[in-house]
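> So the protein sequences, as listed, match chains C and Y. Under my numbering, the residues of the first sequence are numbered 196 to 441, in order. Under my numbering, the residues of the second sequence are numbered 59 to 357, in order.
In case anyone wonders, no lab produced these hints; they're calculated from the structure. We treat Cβ as the ideally placed atom computed from N, Cα and C, and that holds for glycine. Just to be clear, a hint being listed does not mean it is correct.
Claimed, not checked - Sample of chain Y residues at the chain C side, in silico, Cβ under 10 Å:
no., residue
1, K69
2, G109
3, L128
4, I133
5, K160
6, Q200
7, F210
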Amino acid sequence: MYTLMWREFFSLLKSFKSIAVVAFFILVTFIISRFLGKLPYQFALGNTSPFLLSIRFLVGAFGFLFGLALSHDILNREMESQTIRYLVTKTPRINLIAGKSLGIYLFWIFSVTVSFIIISYYAKSFFLFSYIQLLSFMAYVVGFTIMLSFFIKKTTYSMFISVILGILIPALGAYVTAIKIDWDTLIFTLPVNNETGNLLVFIPYFLKFILPYYYFSFDSALSLIPFFLGVLFIILVIILFKRSDL
Amino acid sequence: MKVIEVKNLKKKFGDKLIVKGLTFDVYEGEIFGFIGRNGAGKSTTVNMLTGISYPSEGNCHILGQENIDLVKKDIGVMPDAANYYYEMTALEHLKFFAGVKKIKPTTIELMNILKAVGLEGNERKKVKAFSFGMKKKLGVAQALIGNPKVLFLDEPTSGLDIQSSLEIQQLILDMAKEKRTIFMTSHNLAEVEKICSRIAIIEDGVINKYGSMEDLQKKYTNEQLVSIELGQIPQNIVEKMTEILSPFVIETHYKEGYLYCRIEDRNLTPKIIFALSKEEIEIFEVKQEKATLEEIFLK
Ligand SMILES: Nc1ncnc2c1ncn2[C@@H]1O[C@H](COP(=O)(O)OP(=O)(O)OP(=O)(O)O)[C@@H](O)[C@H]1O
Ligand SMILES: [Mg+2]
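Can you make the complete structure from the sequences, with help from the hints?
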């Protein structure tokens, strides 16, 4: 498992793309925070550091895109080329998924940590809670990526889909997080009119709870829910992968 | 000791039954040959035995375990089709695979494996520059990592030159001597006949012939060929011989001092010898020619 983990970690780390991602996070954080810092209505930000706002925004907006684009082929490429047969005859299948997932997650922990260390050096404080929130967010992204790579069998499709979802999910996230939960509709619509047309009403609510964004509006342990959702995705893949012909 | 125990193994693809209920055992130290025509279901079976795919029905125990995960450390598998990481060298592959298997062989040990399969001198070449045969050899090499107790080799010698095939055959024989168990498929029947202690012939998803070479020969040769070495004899005696043997043989054929008789039952051999000696024909040697695996296979 650890061999697979380190292999995924280092292959991400060594590629030019990964350096580009971290550089992007840090550079744009500086640009945005500069811009925010110059705004006359600085009080609007309250006590929040402009650095913090911008890194949170960047990871939220681009985490999916980068995470998916870098690792959309982590499983399907090996299934497509059948290199996976050499792995699966040497280690239990659960180790294979776990190792690969940990490998990419480690890479994101590394990237987020490096970004935070550099930013906190300039901001002169370390934003522990946001750091944990973003790690939780990236765990969700990793789980989602593993799931995508498992379900979309062709790497050319998963590439395409990952770009689309990478843009669509943050947009959807922003939208559904903004909608208010109307408990009356939720409770009373279902038993009365359970036709498909009315069930569509629930999609935004469903997305609201299944996407990671909503949970970050809480400054509490609820921010950890995306982490567990990510783990759940990986467990789902492990269960289905166990019954797959390779 | 039973190392591989297969019971009623079946595999469906969609609703098409491909492997239709196999039952067989492989014992410790055996080289078990699994042969059959293209598409008979050999690779499908190997894949089910090794955890690449799962059985639709039935089960198999490897080293007494039904859960293949528990014995992955003890098995070495060369699947029929699999690919490499083209940017990695042969040696890097073995190192990586050893890590996946959670074992830490030294570089020298890995170099020795590559040498044993005939990849000496190509250890640090990237696999994208490998020929078909070289990739095949690397396939055998990766199965040998960690000196596993059971080896599954799906066509280990197909596409190899004669010399390389002989080397791999020798390697397999050496492994068996060390009490390793080998399950292999092959289309080279001479090879199977030479190195395998027992053989199963699968046809359309069913094993229809199964046993040691001697068992198969006994069972599937109802017609036998006897060759008799005679002294030089004049042509008119040949015709006479044919005549006196006609009650016992299906067919006779004389060529350069040898008389070949096709008979239905080996118990007729003494009668032939008796008839010939009565005519005072000199007999130097009598040999029972056995059916080859090819003949058994085609039956
Ligand atoms: N993934 C699959 N989906 C559907 N059918 C399959 C699949 N894999 C194999 N088959 C079918 O199963 C049958 C047996 O295939 P298998 O590869 O086991 O044959 P084989 O005995 O190994 O043949 P060969 O000597 O050519 O290697 C074939 O008819 C093949 O088309
Ligand atoms: Mg095959």
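> Taking the hints in turn, state whether each one holds.
Taking the hints in turn, this is what the structure says about them:
1. A least Cβ separation of about 9 Å between K69/Y and chain C falls short of the 10 Å threshold, and the interface hint therefore holds.
2. Interface hint status for G109/Y: upheld, as the beta-carbon distance to the closest one in chain C is roughly 6 Å, under 10 Å.
3. Given the 10 Å rule on beta carbons, the hint for L128/Y holds: about 9 Å separates it from the nearest Cβ of chain C.
4. Proximity of I133/Y to chain C holds as hinted, the smallest CB-CB distance being about 7 Å (cut-off 10 Å).
5. Because the beta carbon of K160/Y sits about 7 Å from the nearest beta carbon in chain C, less than 10 Å, this interface hint is met.
6. The criterion of a C-beta within 10 Å of any C-beta in chain C is met by Q200/Y, whose closest approach is roughly 6 Å, and the hint holds.
7. Checking F210/Y against chain C by beta carbon gives a least distance of about 8 Å; that is within 10 Å, so the hint holds.
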